[in-house]
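Visitor: If you want the building blocks of each chain, they are given just below.
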Amino acid sequence: MTTVALKPATMAQALTRALRDAMAADPSVHVMGEDVGTLGGVFRVTDGLAKEFGEDRCTDTPLAEAGILGTAVGMAMYGLRPVVEMQFDAFAYPAFEQLISHVSRMRNRTRGAMPLPITIRVPYGGGIGGVEHHSDSSEAYYMATPGLHVVTPATVADAYGLLRAAIASDDPVVFLEPKRLYWSKDTWNPEEPAAVEPIGRAVVRRPGRSATLITYGPSVPVCLEAAEAARAEGWDLEVVDLRSLVPFDDETVAASVRRTGRAVVVHESGGFGGPGGEIAARVTERCFHHLEAPVLRVAGFDIPYPPPMLERHHLPGVDRILDAVGRLQWEAES
Amino acid sequence: MTVMEQRGAYRPSPPPAWQPRTDPAPLLPDAEPYRVLGTERAAKADPALLRRLYAELVRGRRYNAQATALTKQGRLAVYPSTTGQEACEVAAALALRERDWLFPSYRDTLAAVARGLDPVQALTLLRGDWHTGYDPREHRVAPLSTPLATQLPHAVGLAHAARLKGDDVVALAMVGDGGTSEGDFHEALNFAAVWQAPVVFLVQNNGFAISVPLAKQTAAPSLAHKAVGYGMPGRLVDGNDAAAVHEVLTDAVRHAREGGGPTLVEAITYRIDAHTNADDATRYRGDTEVEAWRAHDPITLLEHELTERGLIDEDGMRQAREAAETMAADLRERMNQDPVLDPMDLFAHVYAEPTPQLREQQAMLAAELAAEQEGGH
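Going down the list, the protein sequences come from chains A and B.
Going by the working numbering, the first sequence runs without a break in its numbering and finishes at 1322.
Going by the working numbering, the second sequence runs without a break in its numbering and finishes at 392.
Please note that a few of the clues may not be correct.
What the hints assert, rightly or not - With beta-carbon atoms standing in for the labels, derived distance ranges:
#: 1; chain 1: A; residue 1: E1179; chain 2: B; residue 2: P41; range: 51 to 57 Å
#: 2; chain 1: B; residue 1: R309; chain 2: A; residue 2: F1260; range: 53 to 59 Å
#: 3; chain 1: B; residue 1: M359; chain 2: A; residue 2: E1043; range: 43 to 49 Å
#: 4; chain 1: A; residue 1: D1158; chain 2: B; residue 2: Q372; range: 58 to 64 Å
#: 5; chain 1: A; residue 1: R1197; chain 2: B; residue 2: Q372; range: 24 to 30 Å
#: 6; chain 1: B; residue 1: Q372; chain 2: A; residue 2: G1117; range: 35 to 41 Å
#: 7; chain 1: A; residue 1: E1120; chain 2: B; residue 2: A46; range: 46 to 52 Å
#: 8; chain 1: B; residue 1: G89; chain 2: A; residue 2: A1013; range: 38 to 44 Å
#: 9; chain 1: B; residue 1: G198; chain 2: A; residue 2: W1171; range: 54 to 60 Å
#: 10; chain 1: B; residue 1: D61; chain 2: A; residue 2: D1158; range: 41 to 47 Å
#: 11; chain 1: A; residue 1: R1032; chain 2: B; residue 2: E368; range: 30 to 36 Å
#: 12; chain 1: A; residue 1: E1043; chain 2: B; residue 2: Q376; range: 41 to 47 Å
#: 13; chain 1: A; residue 1: A1013; chain 2: B; residue 2: Q334; range: 53 to 59 Å
FYI, nobody ran anything at the bench for these hints, they're computed from the structure.
Where is the CB? At the ideal position from N, CA and C, for every residue including glycine.
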């Protein structure tokens, strides 16, 4: 039996590979966006695609996000499978009308006659020293829009598998790429990538018994770090990586919290009206009799995303997570 | 060389990268809206086409009247009438071949009907039993778009995709004068021109965006002039002259089909009725203006041409009216039947497969419906 050598790969490389493999497998897959062609994208995720597949398959569009997504709708209506890149989280906002008024509704509007298999890639989140409009966590807007799937990977292998699944989906998928993790490395074999997981499954990244950290995307490594640090306090934390915000994997999350009896939701997005509130409510509704403490949230502050020199105070870090874990009413335990 | 010597040798020159791109002159619209009826051009028009247009206009006028009546009877939630604009609606549909696509706005149900769609299906959105009552791919009519101008980039994308696939397909997208102020109008025209997409934009300038007149909408010389800024031709046409609109649109469609890229057509017309049945037009315009436009009515214009030239007789006109009455009677009868609704449809098409969350809500509604049944409702 030959073992395949696993080489270190970055998340950005895995995403590129996913795009390339999807384009090679299906001629209806078209990549489009600002600077995605000649330059290969500002994060180089589309590097080499225009060269390999031609500019008709990987297209530098005019600089207009509503136009990019709006024309992608028409392309999907004609049977193509567009993969749209929004250059940065906050630059996706001009496309919101197309997203909310058309992309999310077209299948429903036409009683299933006209589904829109569009993948919208959005680099999101902070921690890269970006100036204003380059660090937003806009997932709550997407989650609040029925008809969209909202997916975000936290590992190199998931970046590949989830992007392939997103492109293969007959529904529109907002694919949130944690830009802070673009250069994170993992041993991963691009020749034998892990099987594509269906969208909608969370995964336990670290098993534990004391409490569950429920998180996703850029906060997953932070939570894993917090879980390691918590050992010194005598806490054995479980970390659940949601991977998909819509659909939401109630089953995996509730099973974990029923085991541990305590939960903290961690994300960069603001807390008020953010994903954590929905998640805490869902956990409470399902696990009330197993809970030893209220479900807590560690989120970004409810402020416009701060300037880069102050962002470390805003982002949920290990200490803030451990403080929250410490407030999970351990004294009540007999 | 000293600095002073360099300065001596310096010759001002244009920026190195600049070069002229497109000659704007051929893109400019004519000074006057293009007309056929009542001009010497009419002699060249195909009599069969003129008769066809006439029959469709008469049918269209009757359709508008019937749909408006249905709002008063509570059978339609709302109806934005195209009375007075029938020439544009009908010509848009007739300028396309079967394989082409029509992208109507919410006001353009008549164009969809003229393209062959069942009027009941076309009016589903406005009746309110679903959002779209037809399969867009069957007649190649996109869903009626309520958010203004947002359907224009769809038309561009579809036309672009068809061209990439090597298919001979043109998209014709309809928008009003108010819609030209939207950002999506700009982005659609820009993408279309850059991609040289086979698409035709038809702006029906009917004078008002609900209550707001064109003067408050734009300072452009005409809406057709906007084309020049994108590098596509702009055409100005009398929107009540069915023969003229048909000719201009047919030319633009042919131009797109032959790889010439997009065209922006502005049709000058007038919304004789209020914005919808829920609007009161007396608050923002006077009768004199409306009467002036009634005197330039699309049906009268064409009827005059046909009778003057002996291309139609009283019998022919009666036939057109009778066909329109048959359509109206059928529409009335079918719209007076209550639509069959299934509340469970609310969950059926949100996703290819309902999410677990939707399944729970689906079960809740099913239980509520079962309880209603038991309660004898």
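Visitor: Against this structure, judge whether each hint is valid.
Guide: Results for each hint:
{"no.": "1", "hint": "E1179(A) <-> P41(B): 51 to 57 Å", "result": "55 Å, holds"}
{"no.": "2", "hint": "R309(B) <-> F1260(A): 53 to 59 Å", "result": "57 Å, holds"}
{"no.": "3", "hint": "M359(B) <-> E1043(A): 43 to 49 Å", "result": "46 Å, holds"}
{"no.": "4", "hint": "D1158(A) <-> Q372(B): 58 to 64 Å", "result": "19 Å, violated"}
{"no.": "5", "hint": "R1197(A) <-> Q372(B): 24 to 30 Å", "result": "28 Å, holds"}
{"no.": "6", "hint": "Q372(B) <-> G1117(A): 35 to 41 Å", "result": "37 Å, holds"}
{"no.": "7", "hint": "E1120(A) <-> A46(B): 46 to 52 Å", "result": "48 Å, holds"}
{"no.": "8", "hint": "G89(B) <-> A1013(A): 38 to 44 Å", "result": "53 Å, violated"}
{"no.": "9", "hint": "G198(B) <-> W1171(A): 54 to 60 Å", "result": "35 Å, violated"}
{"no.": "10", "hint": "D61(B) <-> D1158(A): 41 to 47 Å", "result": "45 Å, holds"}
{"no.": "11", "hint": "R1032(A) <-> E368(B): 30 to 36 Å", "result": "34 Å, holds"}
{"no.": "12", "hint": "E1043(A) <-> Q376(B): 41 to 47 Å", "result": "44 Å, holds"}
{"no.": "13", "hint": "A1013(A) <-> Q334(B): 53 to 59 Å", "result": "57 Å, holds"}
The structure is inconsistent with the numbered hints 4, 8, 9, although it conforms to all the rest.
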